[in-house]
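Residue numbers (my numbering), protein chains in the order written: chain A, 1 to 331; chain B, 332 to 677; chain C, 678 to 1177.
Derived by calculation from the structure, the hints in this document are not laboratory data. Note that the coordinates shown come from a computational prediction; the quantities given were computed from them, not determined experimentally. Glycine included, each C-beta is placed from N, C-alpha and C at the ideal position. Any given hint could be a false lead.
[Unchecked claim] Label pairs and their in silico Cβ distance ranges:
#	chain 1	residue 1	chain 2	residue 2	range
1	C	Leu690	B	Ser343	44 to 52 Å
2	C	Val688	B	Asp354	41 to 49 Å
3	C	Val819	B	Ala504	50 to 58 Å
4	A	Arg241	C	Gly785	33 to 41 Å
5	C	Trp705	A	Gly153	48 to 56 Å
6	A	Gly93	C	Val688	17 to 25 Å
7	A	Glu42	C	Val1161	31 to 39 Å
[As the list claims (entries may be wrong)] Heads up, simulated EDC-like pairs for lysine to aspartate or glutamate below, C-alpha to C-alpha not over 20 Å straight-line:
#	chain 1	residue 1	chain 2	residue 2
8	B	Lys486	B	Asp498
9	A	Lys185	C	Asp1145
10	A	Lys51	C	Glu719
11	B	Lys507	B	Glu535
Now for the letters of each chain:
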Amino acid sequence: MMRLFSFAAGVAMLAGLLADPAYAEITVYNAQHETLTKAWIEAFTMETGIKANYRQGSDLDLANAIVLEGRNSPADVFLTENSPAMVLVDNAGLFAPVDAATLAMVPANYRAANGRWTGIAARSTVLVYNKAKVPVANLPKSMLDLAAPSWKGRWAGSPSGADFQAVVGALLELRGEQATGDWLKAMKANATIYRGNGAVLRAVNAGEIETGLIYHYYYFQDQAKTGEASNNVGLHFFKNRDPGAFVSVSGGGVLATSKNVAEAQAFLKFVVGKTGQDILRTGDAMEYAVATTAESHPKLPALGTLDAPKLDPGQLNSKKVTELMMAAGLL
Amino acid sequence: MSGLEIQAVSKSYGAVRAVAGVDLSIPAGQHTAIVGASGSGKTTLLRLIAGFEAPDAGRIVLNGVVLADAAGTMVPAHKRRVGYLPQDGALFPHLSVAANIGFGLEKGADRASRVGELAEMVALDRAMLARWPHELSGGQQQRVALARALAQRPKLILLDEPFSALDTGLRAATRKATIALLDAAGVTALLVTHDQAEALSFSEQIAVMRDGRVAQAGAPIDLYLRPRDSATATFLGDAIILPAMVNGGWATCALGSLAVDDAQRTGSARIMLRPEQVQIAESDSARVAGKVVDVEFVGHSCVLTVDLASSNGGQTVQVRSPVGPAPMVASPVRLRVAGPAHVLQD
Amino acid sequence: MLPAAVLVSAVTLIPIGFVIWIAFQTGWETSIALLIRPRIGELLINTVLLIVVAVPVSVVLGVAVGWLTERSDLPGRRVWSVLGAAPLAVPAFVHGFAWVGAIPSLHGFFAGALVAVLAYFPFVYLPTAAALRRLDPAQEDVAGSLGLTPTQVFGRVVLPQLRLPILGGALLIALHLLAEYGLFALLRFDTFTTAIFDVFQSSFIAPAANMMAGVLVLLCLGLLTIESATRGNARYARLGSGTARETRLFRLGPLGELAGLSLLVVLTALALGVPFATLLRWTVLGGIANWRFNEIVPVFLQTLGLAAAGAILTTLAALPVAWLAVRGRGKLGRVLEGCNYITGAMPGIVIALALVTVTIRVVQPLYQTLFTVLLAYVVLFLPRALISLRASIAQAPPELEDVAQSLGRTPTRALWEITMRLAAPGAAAGAALVFLAVTTELTATLILAPTGTRTLATTFWSLTSEIDFVRAAPYAVIMVLLSVPLTWVLYVQSRRVAGR
């Protein structure tokens, strides 16, 4: 019997070695695209010699994990796709101030006013439409138009994702609780629900549904590869500071409980620095670079032309959004 | 003293008292059989002796060493050197015959030769050693199991209905061979069985168990001819039990006046005769008359059911008659009784 | 053994205890508010409808395939009998992945039910076929001699005797339907499990997720109750040595043959053809460059390590419980065994949520450790190890251990050298099942594993959510390749147990 136990323990240890590399210097809780963060980490390690390990998840499950973990959080750095998750962690008082030098590299509208986290990338809301099914003239002027009965069964969304919830967060911030709640109830009636923005894009491309409310990069990523999920798709940016022109800021922050503060700050600085932002320009992430001097991928329409609504990314309230969406029966 | 000493041993499972205060001693080198119906506690007693279970009360002593007692002594089974031979041998199916026999032996250079000796001892062809248990006949399996138990030179060997799975003919032969082997090895042996013939022929001592107690223990012939009560009497063999008036060594019953083995007892009692004590009388001089009411041919003899004339149709006895021209149903017969009748205590 | 069994069972009860505790913590009013809302009704209807449709269809298909391959003279029935079990080699969410890849618009209830049936019907087919092989043909002869037509014989003699394997398989399918996340997420059909995951990934409101988990637990208990009530006093037949008699085969005739073959061809095309064609297509599209071995190899090794550790630990944990269930006196063994089945019926997400909260709040050092994720595997997959271990221990007579003790082995060594040695094939089959389950486990691994853990299933899932189906394909292919030999073992085992 003892032999068996020691054998099992051996196997468990072996699995432990494989699964739990003890050499990692910093732990990144990563809700950004795995491929993008992997590229950042590899370049960072190459440049600084500091190793990093990451835990993959989505914005809010990682944010909630960090809050739940509290003082014992193993995370050093938290990267998200959208800002509400950053706000959640910040409100719990768990972020350390970001180095001033790092903050200085990012324009004020792409970071938290209190300096506890910074934007690392950005993505724009867009209405994708099937070019064969929807004439450009018939496209809605505002995202709020999608609540009209005439749009019943004609648009798709993925409300379970943090992406969509960030858009709703912007709507809440811009138009208030009543309007947002009404719009969500209309969405429940009008929209076809998909799981994931990629699925929405595919559905629009295939003509299953006329339009879909997603982020821009899904289209550009697919175009950069085979285009088989997006060749029939057109992009409609709402502009005019419409809630649907919302540009969502992906955030990065250093945990106050980090035991590797210097390395963590160095990593964040690296991500918004030249090399980090260049990965956005040259890679296939197709998200916008946000650093003041950085350029985005040449295929993307310039961020300045999108005429996004003015919002403090540090104000988006994810908890209220979830409540409203549950009330609307979307969650 | 040497041998096995069981004193006031009890064991309960929940509310069920499986063994309820058993006393029994087996002198070293002797064989004892425990008989009893299923549920009488005999297997539990065996398991207590083997050390698979701990008694709730009482003492078990083997050759002067306390194996278990109420003070908390409990020598575990694997340290008792008590051999165990369960029903149908229980050979390890994943081990060869040689590995089965050698299972209890220390690993060492002489192990193979010792296994060979043991095989020879139980008259097992050496060619069998390489075989697997399922390739052996029932009798061979039983001999392997015996060799395996004897390998560690046990001080005591426990046999739990070891012959019950064998055919009738093979059973007797295997039993004989086993007795001879145990005698040769000088091992104290305890056999549990529900087969009274097996018990009677196996041992120097028999203990009849009932309801967790030893109802009676003693030499086989004593128990057979002088059982304490009717239950023991019928358990050990066919018995003719009759109500009688006893006085001064004589009993008056449906078979007339018979000599009994108890001169002290007076008054009404039950007496027992073994069927072989009652025979069909050739001559009319025999005193007891009756009428045949049923004839059953059972191979080596006929069993006649005789209605005794003296009882006015109330009392029948079964009588064995040699095969041959047996009396017909309804024909009158006369009976003769040989030897004294036994007065039962109940 | 007893303390070990009690300990194992107590640990497996942690998740249910947690769900109940949270319900109390949440308070009556909040609980009601979280439970009585339209969304819960929607999910309840979806989930129940799925079970009500997919389970009977799977049963009909499973019995039909079992009968065709065991009792009819269908051409190539030996080949069909293997193909009938083969869909098990494709994890359910890979089935979903393949179907969405083939028909992107596929979604919703019928899609979910269809693919679930294709993925799970072998759970009925395998035990039913085994039982059909074991039935004494003499009974059918007798029924025939009493004037029953072959159809009546099937309905009145054969089918009633298939009740236990059918019920067992149906229960297994229903529990899988409750717990499956990936398949229904891909096919965009919301069940309680996918919804809990959504809540978990939204601004996670713990009581909301836990109340939903509570409903899921109730559904599981409901299923177990229905099953045991339907089963009545009948026990799952102990698998004996079976009859050696050759069964007579039913002559199908040309029409029957055509119908039978069409059924099997269509079924195989849907349940095997679609996954393999889609995987092949993605694989060809991706080409050799898509096999990024520097990424795949570490993931593969981690998966093997986790699966091996999970399989061994689960088998070890199952040991005392199985031993007690077989050898123990009285009810305790059965109660303990029952506890483990109940927890094993819970979806991974419920167990993961419970363990996350318990480790963070109570035993912080164990949070996000290998220990916790392995514990989740043990809790989730214990019944798989238990079933085969129990059956094989039952086949090792207890006298053997007694004899070994009388020959000088300590009780532990006797158990180990004799009973465990004899139970080894059964334990190995159980361990193989657990291994397979860990390889394709998604939710608990995602939530509980140490940072940096990437298994085939989680990597596959991460890539499909980035809609990089091409890059995800190699991971699906590897999972299928890993599953094939184990499915074969299962198939062979089911035949051997049946006595051929």
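Status of each hint after checking the structure:
| no. | hint | result |
| --- | --- | --- |
| 1 | Leu690(C) - Ser343(B): 44 to 52 Å | violated (31 Å) |
| 2 | Val688(C) - Asp354(B): 41 to 49 Å | holds (47 Å) |
| 3 | Val819(C) - Ala504(B): 50 to 58 Å | violated (41 Å) |
| 4 | Arg241(A) - Gly785(C): 33 to 41 Å | holds (37 Å) |
| 5 | Trp705(C) - Gly153(A): 48 to 56 Å | violated (39 Å) |
| 6 | Gly93(A) - Val688(C): 17 to 25 Å | violated (35 Å) |
| 7 | Glu42(A) - Val1161(C): 31 to 39 Å | holds (34 Å) |
| 8 | Lys486(B) - Asp498(B) | violated (30 Å) |
| 9 | Lys185(A) - Asp1145(C) | violated (32 Å) |
| 10 | Lys51(A) - Glu719(C) | violated (47 Å) |
| 11 | Lys507(B) - Glu535(B) | holds (14 Å) |
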